[in-house]
Amino acid sequence: MERFDKNKDKYVDYTELITYLSKRFAPQQLKRVAVAFNHFDKDSDAMLEYWETKQAIFYLGENIAAENLRFEFDKMDDDQDGKLIFDQFVDLLCTLKKKKGKVCEKPSNCDRVEK
Numbered sequence: 001m002e003r004f005d006k007n008k009d010k011y012v013d014y015t016e017l018i019t020y021l022s023k024r025f026a027p028q029q030l031k032r033v034a035v036a037f038n039h040f041d042k043d044s045d046a047m048l049e050y051w052e053t054k055q056a057i058f059y060l061g062e063n064i065a066a067e068n069l070r071f072e073f074d075k076m077d078d079d080q081d082g083k084l085i086f087d088q089f090v091d092l093l094c095t096l097k098k099k100k101g102k103v104c105e106k107p108s109n110c111d112r113v114e115k
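For the sequence shown, full-length UniProt numbering begins at 1 and goes up steadily by one.
The set of hints was computed from the structure by calculation and includes no laboratory data.
Check the hints yourself; a few may be wrong.
Claimed, not checked - DSBU-like cross-link-like pairs, simulated, lysine-lysine; straight-line CA separation at most 35 Å:
id, residue 1, residue 2
1, 54, 99
2, 98, 8
3, 75, 54
4, 98, 83
5, 23, 99
As the list claims (entries may be wrong) - Cβ-Cβ distance ranges computed for the label pairs, FRET-style:
id, residue 1, residue 2, range
6, 65, 34, 24 to 30 Å
7, 7, 82, 29 to 35 Å
8, 34, 9, 21 to 27 Å
9, 87, 66, 22 to 28 Å
10, 7, 30, 20 to 26 Å
11, 15, 82, 16 to 22 Å
12, 15, 51, 31 to 37 Å
13, 8, 28, 30 to 36 Å
14, 75, 30, 18 to 24 Å
15, 78, 8, 25 to 31 Å
16, 9, 94, 21 to 27 Å
17, 95, 26, 15 to 21 Å
18, 61, 22, 19 to 25 Å
Backbone N, C-alpha and C fix where the C-beta goes; we use that ideal spot for every residue, glycine too.
Model the full structure from these sequences, guided by the hints.
Below, the structure is given as C-alpha cells:
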C-alpha cells in the first residue's frame, strides 16, 4: 500500500491508485481487470479467494498451470489470509504477464524472471 501513497498520508486516494494502475495497464485493460475482479468476488468482500482468483485469471485469458498459479497466489498474499485485495491481484497479473511464455517445470523455477 505504501507504494501507492505518494503523499505519505497513509491513505490511498483514487488519483494515486489510478496513477499506479495506469502505469501497468492501458485504460481498456484496466477496466477489464476491474470488471473481472468485481465479477468473480462472489461474496462481495473486495477480496478474491484462490478459487475466485483462478476464475478471474482464466477469464482474462491468462493460461497458467494450477500449481504455478497457486505458488504465485501465495507469494502475493502478503498477510497469508488466503485472499488477494485488488492491488495484489493486479501485481499477480503483472507477474504472470512477465512470465508469459516461460515454461516452468516446478514453481521454484519461476522465482526469477529473466530480463
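Status of the hints after comparison with the structure:
1. Between the alpha carbons of residue 54 and residue 99 the distance comes to roughly 17 Å, so the proposed pair stays at or under 35 Å and holds.
2. Between residue 98 and residue 8 the CA atoms are separated by roughly 29 Å; this keeps the pair inside 35 Å, and the hint holds.
3. Pair hint residue 75 plus residue 54 holds up; C-alpha atoms about 15 Å apart against a cutoff of 35 Å.
4. Proximity of residue 98 to residue 83 is assessed by CA-CA distance (about 22 Å); at most 35 Å being required, the pair is judged to hold.
5. Of the pairs offered as hints, the one joining residue 23 and residue 99 holds, with about 18 Å between alpha carbons and a cut-off of 35 Å not exceeded.
6. In this structure the hint that residue 65 and residue 34 lie 24 to 30 Å apart at CB holds, the actual value being about 26 Å.
7. Between residue 7 and residue 82 the CB atoms are about 32 Å apart, so this pair conforms to the stated range of 29 to 35 Å.
8. At roughly 24 Å, the beta carbons of residue 34 and residue 9 sit within the given window of 21 to 27 Å.
9. Distance hint for residue 87 and residue 66: a CB-CB separation of about 23 Å, consistent with the stated range 22 to 28 Å.
10. For residue 7 paired with residue 30, a C-beta distance near 22 Å keeps the hint of 20 to 26 Å intact.
11. A hinted range of 16 to 22 Å for the beta carbons of residue 15 and residue 82 is inconsistent with their spacing of about 31 Å.
12. For the pair residue 15 and residue 51, the beta carbons lie near 33 Å from each other, so the given range of 31 to 37 Å is met.
13. Between residue 8 and residue 28 the beta carbons are some 31 Å apart, a value that agrees with the proposed interval 30 to 36 Å.
14. At about 22 Å, the beta-carbon gap between residue 75 and residue 30 stays in the expected band of 18 to 24 Å.
15. Separation of residue 78 from residue 8 is about 20 Å and departs from the stated range, judged on CB atoms against 25 to 31 Å.
16. Separated by about 25 Å at the C-beta atoms, residue 9 and residue 94 satisfy the suggested range of 21 to 27 Å.
17. Separated by about 18 Å at the C-beta atoms, residue 95 and residue 26 satisfy the suggested range of 15 to 21 Å.
18. For residue 61 and residue 22, the Cβ-Cβ distance of about 20 Å falls inside the hinted range of 19 to 25 Å, so the restraint holds.
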